[in-house]
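Chains as they are written, first to last, in the working numbering: chain A, 1 to 301; chain B, 1 to 263.
Hints were generated in silico from the structure; no laboratory data involved.
No residue lacks a Cβ here, since even glycine has one placed at the ideal position from N, Cα and C.
Hints should not be assumed to be uniformly reliable.
[As the list claims (entries may be wrong)] Have a look at the derived ranges for each label pair, beta carbon to beta carbon:
#1 A:D284 - B:V5: 18 to 28 angstroms
#2 A:A174 - B:R147: 41 to 51 angstroms
#3 A:M197 - B:V5: 27 to 37 angstroms
#4 B:V5 - A:Y64: 20 to 30 angstroms
#5 B:S13 - A:D200: 22 to 32 angstroms
#6 A:D200 - B:S80: 14 to 24 angstroms
#7 B:D77 - A:K211: 19 to 29 angstroms
[To be verified] Which chain A residues face chain B? A few, computed with CB under 7 angstroms, are given here:
#8 F24
#9 E32
#10 V60
[To be verified] Just so you have them, the derived chain A footprint on chain B, three or more residues with Cβ under 8 angstroms:
#11 220-229
#12 240-252
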Amino acid sequence: MMKTEVTIAGVTFKNPVMEGSGTFGSGMEYSEFVDLNKLGAVVTKGVANVPWPGNPTPRVCEVYGGMLNAIGLQNPGIEVFCERDLPFLSKYDTRVIVNVCGRSVEDYVEVAERLSDEDRVDMLEINVSCPNVKEGAIAFGTDRNCLENITKEIKAHTKKPVIMKLTPNVTNIAEMAMAAESGGADAISLINTITGMKIDIERRRFALANKTGGMSGPAIKPIAVRMVYQASHAVKIPVIGMGGIATGEDAIEFMMAGATAVSVGMMNFVNPYATVECVKGIEDYMTRHGIEDINEIIGCV
Amino acid sequence: MKAKVTGKVISQSCIAPGIYDLRIETALASEAHAGQFVGVFTKDSSALLPRPISICGVSDDKRSIRLVYRVAGKGTDEFSRLEEGDEASILGVLGNGYDIEKLAGISGSDSSKVLLLGGGIGIPPMLELAKELHAAGVKVISVMGYRDDRTFLLDEFTSVSETYVATEDGSLGTKGNVLDAVRENRIEFDAVCACGPLPMLRAIKEFAGEKPAFISLEERMACGVGACLGCVVKTKEVDHHSHVNNARICTDGPVFEASEVEI
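Same shape as in the complex, but just chain A (with noise of 0.2 angstroms):
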């Protein structure tokens, strides 16, 4: 009998596979393309204290293997998140990760303390990392003091089990990864996108309105696999990897490097199944290699 299970903080995953936040809402819309009984987890789209109206447009455009997307965290804030998506959630056996997104440490507090007794949600991942915000997001993933202080206020407001997101943008990721361990996390999360930048030269403009913007996509996997296994050498705690996972052999690949468990996020665009597919493909190869536990391969190169 294969085992495919991973545990994270004591929350048992059916697998390891899961979506990048801000990739697939809260399940809704793919839920017409996938049966999200087949997921490890469902990780929602950021969601903030208040509502919050994303950037101008054009928000995304296409990149060489990628894309880049200056969303700006839109998105109906947690009282609508409660009374809509969580029960829509309540429907699926599977794991939900709710992704928090701020702009000061209070409001990240605000919707941790919130979501505490909502026993649908199973952890939560902090949004420390998103390139597309002025003020919150980044500011606090990219200074190893802040990070380290964040995540101490967080763990202090919420018992449910905390999930980093780390951004690749800093000189050091190891380091990062150290700044969350040492503040209480549970776990990390990485990578967030890269910042980018795209000049439509026919028009002579930024073909974002935000000018930069966060790549993801098969172009960035080379990255994030040498950040995964960086990090995941650095901590004690699980790291879940993401970071152009398309398929199965994409996730095997993350898990080597040290990811407990994966995301997929920007391929869902290009393929609404990929995320079966990668649970499919990671059985397939358990299959090829006489795995009988998906445990045995994390970290093993």
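Use these hints to put chain B onto chain A, whose structure you have.
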């Protein structure tokens, strides 16, 4: 039900400079309507995102869709080389489309007179709309705007509607834009539907005044299914999804009542 499927190219032809007419056999056709669109994928793994292309037609047997598009970059350039028998990867059917029943009943008791305005590559979706409205017993008046006399699809409009033309250089029909042609021909209508460049849609919104105007918007898109929030338009009222006056063009649209959006 939305799906990503592999369709089979039935035919393709170039119908004007840079404008292609592509017919694809696909199960998606059974649910396709005027105003909706599909995402077409390239075979080039460096150009990953689906290209949103409006539905210009659905075959009578509901087994194929027709896409008329302009070559605007490497994705559409690749599509222009598709030939009979080739496979095409498509995501669909996307978007809300036009509400035919609502348009048919818009005048109250009499049969409705609906004016369709198309500008440039905004013309193709108006053809399927003209056909569906005509079939619903609506009196359709089409005014299509082109750059010059190298028009496309024009003869097909004439079979289902009273048709007028505007050209920027005056080589055919009214010299100027579609609204110049509406004024010149003193066209009367109960409602207007439009697709075309943003300045044209802004002018139509103002021109329509109190009369119902339905416009089809476009924006840079990623997912096409309402998840990524990449393609939004400012709305007058709080939108039902994010509650922030930003509706998703790919799913809440692309067809909006002009008075509801700030363009």
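Quick rundown of the hints versus the structure:
no. : hint                                : result
1   : A:D284 - B:V5: 18 to 28 angstroms   : holds (23 angstroms)
2   : A:A174 - B:R147: 41 to 51 angstroms : violated (58 angstroms)
3   : A:M197 - B:V5: 27 to 37 angstroms   : holds (35 angstroms)
4   : B:V5 - A:Y64: 20 to 30 angstroms    : holds (26 angstroms)
5   : B:S13 - A:D200: 22 to 32 angstroms  : holds (30 angstroms)
6   : A:D200 - B:S80: 14 to 24 angstroms  : holds (21 angstroms)
7   : B:D77 - A:K211: 19 to 29 angstroms  : holds (28 angstroms)
8   : F24                                 : holds (6 angstroms)
9   : E32                                 : holds (5 angstroms)
10  : V60                                 : holds (4 angstroms)
11  : 220-229                             : holds (count 10)
12  : 240-252                             : holds (count 7)
In this structure, only the earlier hint numbered 2 is contradicted, and the remaining ones agree with it.
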